[in-house]
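**Q** As a plain string of letters, each chain reads:
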Amino acid sequence: MAASPLARREARRFHLFALPWSIGFVFFTGGPIVVSLVLSFTRYELLESPRWVGLDNYAQLLRDPDFWMATRNTVYFGAASAAAGVVYSLAAALLLNIKVRGQAIFRTIIYMPSVISGIATALLWIHVLHPDYGLVNYLIGLVGVQGPGWLTDASWAIPGLVIMTTWTTGNAMIIFLAGLQGVPASLYEAAHIDGAGWWSRFRHVTVPMMSPVIFFNLVVGFIGSLQAYQLILFMTDGGPANSTLVLGLYVYRYAFKYFEMGYASTIAWALFFLVIVFTVIQFGLARRWVHYEVK
Amino acid sequence: MDNPLRGLNTAGLNRRQLLSLAAMAAAAVPLTACGSGERTRQAGPASSASGDSAVINPDRPESALFPYAEAEKLFDSLPWPKTDVPEPTSKVTVTVAIIPGQRHEVRHAQFAKFIKKRHPNIEIKVEVTPFDDFRTKYLTGAASGVLPDIMYSQFQWGQSFIKNNLYLPLDDYIAATPEFNRADFSKAALSYWERDGKLYALGTDSAPKLLFYNKEIFEKAGAKVPDASWTWDKLMEAARGLVSGTGAQKVFGFTPVPKPTSDLTATFLLAHGGRYLTADETRCVIQEPASRDILKRWIDLLIKDKAMPDLAETQATAKVEPFTLGRGALYVGGAWNIVTLLTLPAEQQFEWSLTHVPSGPEGRFTPVLGSAFGITSRTRNPEAAWIVLNSLRSYAGHRFFLDTPPSRLSAFEENLQDLKLDKEVIDTTKDSLHKYGTSDGVLRLPATPKLEDLTKPIWERVMSGSLSVDEGLKQVAERVTPMLAENV
Chain A
1 MAASPLARRE
11 ARRFHLFALP
21 WSIGFVFFTG
31 GPIVVSLVLS
41 FTRYELLESP
51 RWVGLDNYAQ
61 LLRDPDFWMA
71 TRNTVYFGAA
81 SAAAGVVYSL
91 AAALLLNIKV
101 RGQAIFRTII
111 YMPSVISGIA
121 TALLWIHVLH
131 PDYGLVNYLI
141 GLVGVQGPGW
151 LTDASWAIPG
161 LVIMTTWTTG
171 NAMIIFLAGL
181 QGVPASLYEA
191 AHIDGAGWWS
201 RFRHVTVPMM
211 SPVIFFNLVV
221 GFIGSLQAYQ
231 LILFMTDGGP
241 ANSTLVLGLY
251 VYRYAFKYFE
261 MGYASTIAWA
271 LFFLVIVFTV
281 IQFGLARRWV
291 HYEVK
Chain B
1 MDNPLRGLNT
11 AGLNRRQLLS
21 LAAMAAAAVP
31 LTACGSGERT
41 RQAGPASSAS
51 GDSAVINPDR
61 PESALFPYAE
71 AEKLFDSLPW
81 PKTDVPEPTS
91 KVTVTVAIIP
101 GQRHEVRHAQ
111 FAKFIKKRHP
121 NIEIKVEVTP
131 FDDFRTKYLT
141 GAASGVLPDI
151 MYSQFQWGQS
161 FIKNNLYLPL
171 DDYIAATPEF
181 NRADFSKAAL
191 SYWERDGKLY
201 ALGTDSAPKL
211 LFYNKEIFEK
221 AGAKVPDASW
231 TWDKLMEAAR
241 GLVSGTGAQK
251 VFGFTPVPKP
261 TSDLTATFLL
271 AHGGRYLTAD
281 ETRCVIQEPA
291 SRDILKRWID
301 LLIKDKAMPD
311 LAETQATAKV
321 EPFTLGRGAL
331 YVGGAWNIVT
341 LLTLPAEQQF
351 EWSLTHVPSG
361 PEGRFTPVLG
371 SAFGITSRTR
381 NPEAAWIVLN
391 SLRSYAGHRF
401 FLDTPPSRLS
411 AFEENLQDLK
421 LDKEVIDTTK
431 DSLHKYGTSD
441 GVLRLPATPK
451 LEDLTKPIWE
461 RVMSGSLSVD
471 EGLKQVAERV
481 TPMLAENV
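First to last, the sequence lines map onto chains A and B. The first sequence begins at 1 in UniProt numbering and counts up one residue at a time. The second sequence begins at 1 in UniProt numbering and counts up one residue at a time.
What the hints contain is simulated information worked out from the structure, not anything from laboratory work. Careful, some of the hints might be misleading.
[As the list claims (entries may be wrong)] The list that follows gives simulated cross-link-like pairs (lysine-lysine, DSSO-like), each with its CA atoms no further than 30 Å apart:
1) Lys215/B / Lys304/B
2) Lys430/B / Lys420/B
3) Lys234/B / Lys163/B
4) Lys113/B / Lys220/B
5) Lys91/B / Lys116/B
6) Lys220/B / Lys257/A
7) Lys296/B / Lys113/B
8) Lys257/A / Lys304/B
9) Lys306/B / Lys257/A
10) Lys224/B / Lys250/B
11) Lys73/B / Lys430/B
12) Lys257/A / Lys450/B
13) Lys91/B / Lys257/A
14) Lys116/B / Lys73/B
15) Lys430/B / Lys257/A
16) Lys113/B / Lys125/B
17) Lys257/A / Lys198/B
[Claimed, not checked] Short, incomplete list of chain A residues facing chain B, as computed with Cβ under 8 Å:
18) Gly197
19) Trp199
20) Arg201
21) Tyr258
[Unchecked claim] One-sided and incomplete, this derived list gives chain B residues near chain A with beta-carbon spacing under 8 Å:
22) Val146
23) Lys187
24) Ser191
25) Ser244
26) Gly245
27) Arg364
28) Lys456
29) Glu460
30) Ser464
31) Gly465
32) Ser468
Glycine is no exception: its CB is placed at the ideal position from the N, C-alpha and C atoms.
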C-alpha cells in the first residue's frame, strides 16, 4: 500500500532531522570502526602507506605475552571496579535517599568527585594511596594493620586503582537515587506492617525492585572499566611490572607511542570482542536475578 | 655553589609541604620536558618553566624575567646572521612548533616581533604543544600532510623524524650561508640530527650530565663534599652514609636509580667498560659481565642499603626529582637542572653545588643530550624557514634565548655567566662537555620507546627484589635484541 502524503512528509522530515546525527555517525563512529577493522589486517606505521598482512597481527596477538597479561588485568580490573562501583554507589544512594536536613549538600559532596578532572583525581590518589604517608594506610594503621604498597606492589596495584575509580562513580549513584525514588512506598509500608526489619525490606523490596537499575549500572560500569586507560596511564603507566597494563592502555601505547596503528587496531578489536563476550554473559545471567515489573 | 636565591632547607619538608610541592611540580611537568628515559618528563635541556609565569601579550610580549624594552635592546645589540638565501618578496608566515615553558614562550613571542625589523616580509607564528603530546600531534599531522615550517625535536626523536622524511636536509642552505660555522656545534650535539652525511636540524642546547650535591645534607652529616677526584666506588660509599629519615622526610643518598633507558650506557656503564646495546644498536649486551657487575652493585645499594628511592618512592615523586625537593644528597642530572634549581621558589631553595661525574676503571663519561629545530619537509616556504632557523640557532639566537648550555659553543660561557654561576661551575660544565661528553650509547633509534616499555616491568621486578639481577638482565636481553630489527 502506498504511503500517504502525510506519512511521506513525516518520513522526509524525520530523515532531515536525523541527518546531522547520521553524518556524524558515518564520519566519526561508523567510518572509523570500519577503517580500524581494515587496519587490523595491515602493518601501518602512520607515515607510510598501510601494507596488507592478512591475519599476521592476530597471530602475533595470540603469541604476545603482554597481550595476555593485559587481558587478564583488564578482566580483573573491569569486574572488580564494576562490582565495587555498584556496591558503593548503591550504598551512597541509599544514604542520600534518606530525608534529612542538608541532604542536598551531602548529595553534592558525594557527586563532586565525578566532576573533578581525571588528572587531578589521579594526582590526589597517588598521594592518598602512598604506602608510607598516604591517607588510606594511615587510617588502616590506626587499627594496627600495616597497609600494603598500593600502586607500587604488583599484587595490590589493581585493588588500589579500583578504590580510586569507585570514588568517582557519582553518575551511577544518581541513577540509583532516581531508581530508589521510583520504588513504590506502598511496598515498604506493606513490608513494615508484616514486621520486616531494615535488612528484610532492603533484601526483599529494594533489591528486587532495583535489580534492573543494578543490572544497567553493572553492565555500563563493566564496559566502561574494560575500556579504562587514561587514569591508569597517568597513575601507574601499566606498572609496577605490568600489573596494571590493561588493554586500553596497550592500544594507546601501540597507537600513539609506537605508531603501529595496524597492531593497535588488532588489540582494539580484541578488546571489543572481550566487551561483547562479557556483556552477553551478563545478559545471560541477568535472567536469573533481574526482576522486571512488566514483562 | 652559594645560590643567590637561597631560602629554606627543604630537607625538613612536612607532609603537607611535600604534597603541595609534588602536586605543583607534577602540574608543571608538561612545561618542562626533554632529558632522557625515565626522567625525561621532569626537566629538559630545552626548557625550564619555573619562575616566570607571565601572560603573553602579543603586541608587547614580556614577563618579569624578560621585560620588553630590555629584550628589544638585547635583540638590537646582537649580531644576527646573514645568508645568501633570498628574502621572500611578499609576505610569508613561518610556523614554529615549540614545547611550552613561559621563558621560551615569551622569548619566542619577542623574537617573532623583533625579527620583522630585519625581515619585514616574514611573519612568525608560534605553536605551543605540551612535550608529552608533541610527537603524537605532529606525527599524526604528518600522516595527513600537515606540519609546521620549523619543528622542535628532542634527541630521541631526531632519527625517527629524519627516517620518515619529516625534516629537510639543511646542507644546501648551510652552503648558501658562508658565515655559518658548523664547527661551532659540538660533535655530540650534531650527532642526533645527522644521517647519511647530511644534517637535518640545529641544536638549541647541548647539555652534559653533572654530579649535583646538596651542601646542607653533607654539612649535617659531617661528610666531605664530592670533587673531581671521586670515583663511582667512592660515590656509592658516600651515598650509603648519607641516607636518613623515613617516609616524606627520607633523604636519599643518590638518585636516579640506573634503569634500561636511553642514557644508561653513557651515564652508568661506559665508565665500567659496559654497554646496554652494541654501538650499532643491533644487539643487547647488558647481560655481559661488565654491565651486570656494576648494575648488581647499584641494585644492592637500592635494596640492601636503601640509599636510593624504591618503587613506591619513585612513584610518589615520579614527576619530581627528589634532589630538587632537597631530599637527595647526590644526583647525576643534566646541566639544564641548573636553571631549575636557581629558579626554585624561595621557600624551596637550598644550598647546592656540582662537580664532574665520577670516574670508573675505564675513565670518565657523561652523556650529552639536547634538543633542536629543523625545517619540515612539508614547508611551503623553505627559504624563509631557513632565514628564521638560521637566526634562531645562530650565536645571536642562542644568546637571545639563553639556552643552557647552548649548542653553539661560541655562546657557551656567556650564557652560563648570565646565570651568575661560580666560575668553577661554569668550568666544570664546559670541561664535561668538551673533555668526556659523549653521545655514544645514547639510544635514539625508532624502537627506543617500545624497548623502554618492554624492559620497564622486568627492571621493576629487579628493583623490588622479586627477580635477581642476572635473571632480569637475561630477560631484558631476550626481549630487546629481537626488537632492534625494527630500527632498520
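**Q** Need the status of pair Lys257/A, Lys198/B: alpha-carbon distance at most 30 Å?
**A** 27 Å, holds
**Q** Hint check: Lys430/B vs Lys420/B, CA-CA at most 30 Å. Holds or violated?
**A** 15 Å, holds
**Q** Have a go at the Tyr258/A hint: is there a Cβ in chain B nearer than 8 Å to its own Cβ?
**A** With a closest approach of 5 Å, the Tyr258/A hint holds.
**Q** Hold the hint about Ser464/B up to the distance rule: shortest CB distance to chain A must be less than 8 Å.
**A** Result: holds, 7 Å to nearest chain A Cβ.
**Q** Should the hint that Lys456/B touches chain A count as held when the rule is a Cβ pair under 8 Å?
**A** At 7 Å from the nearest chain A Cβ, Lys456/B passes the 8 Å test, so the hint holds.
**Q** Would the pair Lys113/B and Lys125/B pass a check requiring their Cα atoms to be no farther apart than 30 Å?
**A** Status holds; Cα separation ~10 Å.
**Q** Is the Cα-Cα distance between Lys306/B and Lys257/A 30 Å or less?
**A** Violated, at roughly 33 Å.
**Q** Any CB of chain A closer than 8 Å to the CB of Ser191/B?
**A** Since the shortest Cβ distance to chain A is 23 Å, the answer is violated.
**Q** Does Trp199/A pass the interface check with chain B, least Cβ-Cβ distance below 8 Å?
**A** Given a least distance of 41 Å, the restraint on Trp199/A is violated.
**Q** For the hint on Gly197/A, just tell me whether its beta-carbon gets within less than 8 Å of chain B.
**A** Violated, about 44 Å.
**Q** Using the nearest Cβ pair, does Gly245/B come within less than 8 Å of chain A?
**A** At 11 Å from the nearest chain A Cβ, Gly245/B fails the 8 Å test, so the hint is violated.
**Q** Grab the minimum C-beta distance from Ser468/B to chain A and call the hint holds if it beats 8 Å, violated otherwise.
**A** 14 Å, violated
The structure fails hints 3, 4, 6, 7, 8, 9, 13, 15, 18, 19, 20, 22, 23, 24, 25, 26, 27, 31, 32 (numbered hints given earlier, in ascending order).
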